[in-house]
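Novice: Take a look at the letters that make up each chain.
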Amino acid sequence: MELVQMQKSLQDYTKSLFLDGVLDSQFLQLQQLQDESNPDFVSQVVTLFFQDSDRILNDLSLSLDQQVVDFKKVDPHVHQLKGSSSSIGAQRVKNACVVFRSFCEQQNVEGCHRCLQQVKKEYYLVKNRLETLFKLEQQIVASGGMIPAMELGF
Amino acid sequence: MVASSEMMSVGIGGMEPPPLDLDEVHVLAVDDSLVDRIVIERLLRITSCKVTAVDSGWRALEFLGLDNDKASAEFDKKNNIKKLKVDMIITDYCMPGMTGYELLKKIKVSTFPPIFDSGNNLFESLSESSSFRQVPVVIMSSENVLTRIDRCLEEGAEDFLLKPVKLADVKRLRNCLTGDVKLSNGNKRKLPEDSVTVDTSLPPPPPPSSLTLSTNSSDSSPPLSPVEVFSSPLSSPEEDDDVLTSSPEESPIRRQKMGSPGLD
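Same order as they appear, the protein sequences are chains Y and V. Count along the first sequence from 1, then add 11; that gives the number in my numbering. Count along the second sequence from 1, then add 96; that gives the number in my numbering.
There could be a bad hint or two in this list.
Distance condition first, Cα-Cα at most 27 Å in a straight line; then the derived DSSO-like pairs of lysine-lysine [stated by the list, open to error]:
#1 Y/K138 to Y/K19
#2 Y/K138 to V/K262
#3 Y/K26 to V/K181
#4 V/K267 to V/K204
#5 Y/K19 to Y/K131
#6 V/K181 to V/K204
Reference excerpt, derived from the structure (chain Y facing chain V, CB under 8 Å, subset only) [claimed, not checked]:
#7 F29
#8 V33
#9 Q37
#10 Q40
#11 Q42
#12 Q43
#13 L44
#14 E47
#15 F52
#16 L59
#17 Q91
#18 G94
#19 S95
#20 S97
#21 S98
#22 I99
The calculated label-pair distances, taken between Cβ atoms and stated as ranges, are [unchecked claim]:
#23 Y/E116 to V/K204: 27 to 35 Å
#24 Y/K83 to V/W154: 18 to 26 Å
#25 Y/V110 to V/G193: 47 to 55 Å
#26 Y/K131 to V/T274: 44 to 52 Å
#27 Y/S154 to V/D246: 24 to 32 Å
#28 V/T274 to Y/H124: 49 to 57 Å
#29 Y/N49 to V/T274: 34 to 42 Å
Quick caveat, the hints were computed from the structure, so don't treat them as lab data. Keep in mind that this is a model prediction, so the values were computed, not measured. All C-beta atoms in this analysis are idealised placements derived from N, C-alpha and C, irrespective of residue type, glycine included.
With the hints as extra help, turn the sequences into a complete structure.
Specialist: And the structure:
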């Protein structure tokens with residue numbers, strides 16, 4: 012595929028993530044922090060987010076599978092995930108965490124189980140999309156091209 | 097991946113960061129979230145700040161030398177004391193163990209403890225102007241709770257940022273700081289309150305009975321007795337706080353090595 016075509020694909024793909032609400036403007040903030048001195052900043056932060064989130068989701072699954080659910084343990088995990096997803100612009104994950112927290116507050120075990128499934132669904136979706144995005148970027152760089160700056164006109 | 101995040105903050109992998117330029121702004125960032133620490137660190141660095149990022153209020157106090165009654169001091173070759181230069185502290189509100197609000201309060205009542213040299217001799221007493229009370233403390237929170245914001249401002253917080261923090265927020269903070277740290281003298285860095293003030297609200301400290309004073313110090317004022325910074329119990333958590341019972345992660349402290357025997 013030609014370089015120009017790849018760059019256009021990347022732009023369209025990124026745009027679709029914003030239009031679908033998978034990412035919000037905070038992701039653009041992160042991109043602003045990337046430059047020649049820190050060319051991999053976004054992928055580094057996002058990778059840390061993935062590692063952190065994998066751990067949290069695992070802890071959450073364990074906590075909710077207990078005979079007696081300790082909401083004092085569950086809620087801080089959700090709060091943490093809400094925070095980190097918000098920091099990288101993973102909007103749908105963040106929103107799912109907000110709903111999750113309200114069920115924690117109500118101490119609704121059934122509701123929390125459903126929320127966890129929803130959070131996982133949104134998380135794997137954004138993880139998948141971002142991994143694809145980074146692959147597209149890598150292809151462009153490997154072909155000697157530059158990553159096009161994100162247009163903010165939408 | 098953690099190794100490269102270490103590199104991002106320390107500089108070249110594994111090596112000690114270069115000594116602080118007196119003209120540069122040094123910010124202490126406190127956040128228990130690894131992702132948020134990386135982001136705030138980058139936001140600060142891109143606005144030309146030196147950053148030390150720690151993962152808890154206790155580590156912050158440790159870094160500032162406020163966690164015990166022996167200050168963690170660094171001495172130069174002539175055995176003159178090198179004061180720790182912190183121009184701003186930016187802290188998350190919701191943290192396990194000690195909230196940002198509690199950290200704010202501790203900093204605002206703190207005085208710089210007496211310094212002891214390697215022979216355990218009282219080295220130097222530092223004036224009111226050397227405490228970290230004057231250092232602006234900024235609180236960050238993901239929750240836009242008015243009572244929370246008010247409380248922090250009442251306790252002397254400089255500003256309150258809503259998370260996720262944006263570049264514009266940090267740029268604004270940075271611009272405020274530049275005014276404060278303008279050097280009047282090219283060689284010495286003066287703190288914003290650089291005159292020795294007598295604090296009339298505190299009773300004068302009693303002179304110690306059996307401590308030997310080092311003759312290096314030209315300061316003839318009586319040394320302060322060790323101040324107990326944590327005399328009041330930690331405030332009980334409020335309803336909208338998430339006070340975790342255990343620390344969620346074991347990430348290492350990113351900070352400049354002070355090389356003092358007091359810190360391990």
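Novice: Each hint needs a verdict: does it hold in this structure or not?
Specialist: Taking the hints in turn, this is what the structure says about them:
1. Y/K138 to Y/K19: holds (21 Å)
2. Y/K138 to V/K262: Roughly 23 Å separates the two Cα atoms, so the pair holds.
3. Y/K26 to V/K181: Violated, at about 44 Å.
4. V/K267 to V/K204: With Cα atoms ~24 Å apart, V/K267 and V/K204 stay inside 27 Å; holds.
5. Y/K19 to Y/K131: violated (30 Å)
6. V/K181 to V/K204: holds (16 Å)
7. F29: violated (16 Å)
8. V33: violated (16 Å)
9. Q37: holds (5 Å)
10. Q40: Result: holds, 5 Å to nearest chain V Cβ.
11. Q42: violated (11 Å)
12. Q43: holds (6 Å)
13. L44: holds (5 Å)
14. E47: For Y/E47, the interface hint is violated, since the closest Cβ of chain V sits about 12 Å away, which is over 8 Å.
15. F52: holds (6 Å)
16. L59: Status holds, d = 6 Å.
17. Q91: holds (6 Å)
18. G94: Nearest chain V Cβ about 5 Å off; hint holds.
19. S95: Status holds, d = 4 Å.
20. S97: holds (5 Å)
21. S98: OK, holds: Y/S98 within 8 Å of chain V, min 5 Å.
22. I99: holds (7 Å)
23. Y/E116 to V/K204: 27 to 35 Å: holds (32 Å)
24. Y/K83 to V/W154: 18 to 26 Å: Roughly 21 Å apart at Cβ, these two residues keep to the hinted range, so it holds.
25. Y/V110 to V/G193: 47 to 55 Å: About 28 Å separates the Cβ atoms of Y/V110 and V/G193, which means 47 to 55 Å is violated.
26. Y/K131 to V/T274: 44 to 52 Å: Given a distance of about 45 Å, which is inside 44 to 52 Å, the answer is holds.
27. Y/S154 to V/D246: 24 to 32 Å: This hint is violated: roughly 55 Å between Cβ atoms.
28. V/T274 to Y/H124: 49 to 57 Å: holds (51 Å)
29. Y/N49 to V/T274: 34 to 42 Å: violated (23 Å)
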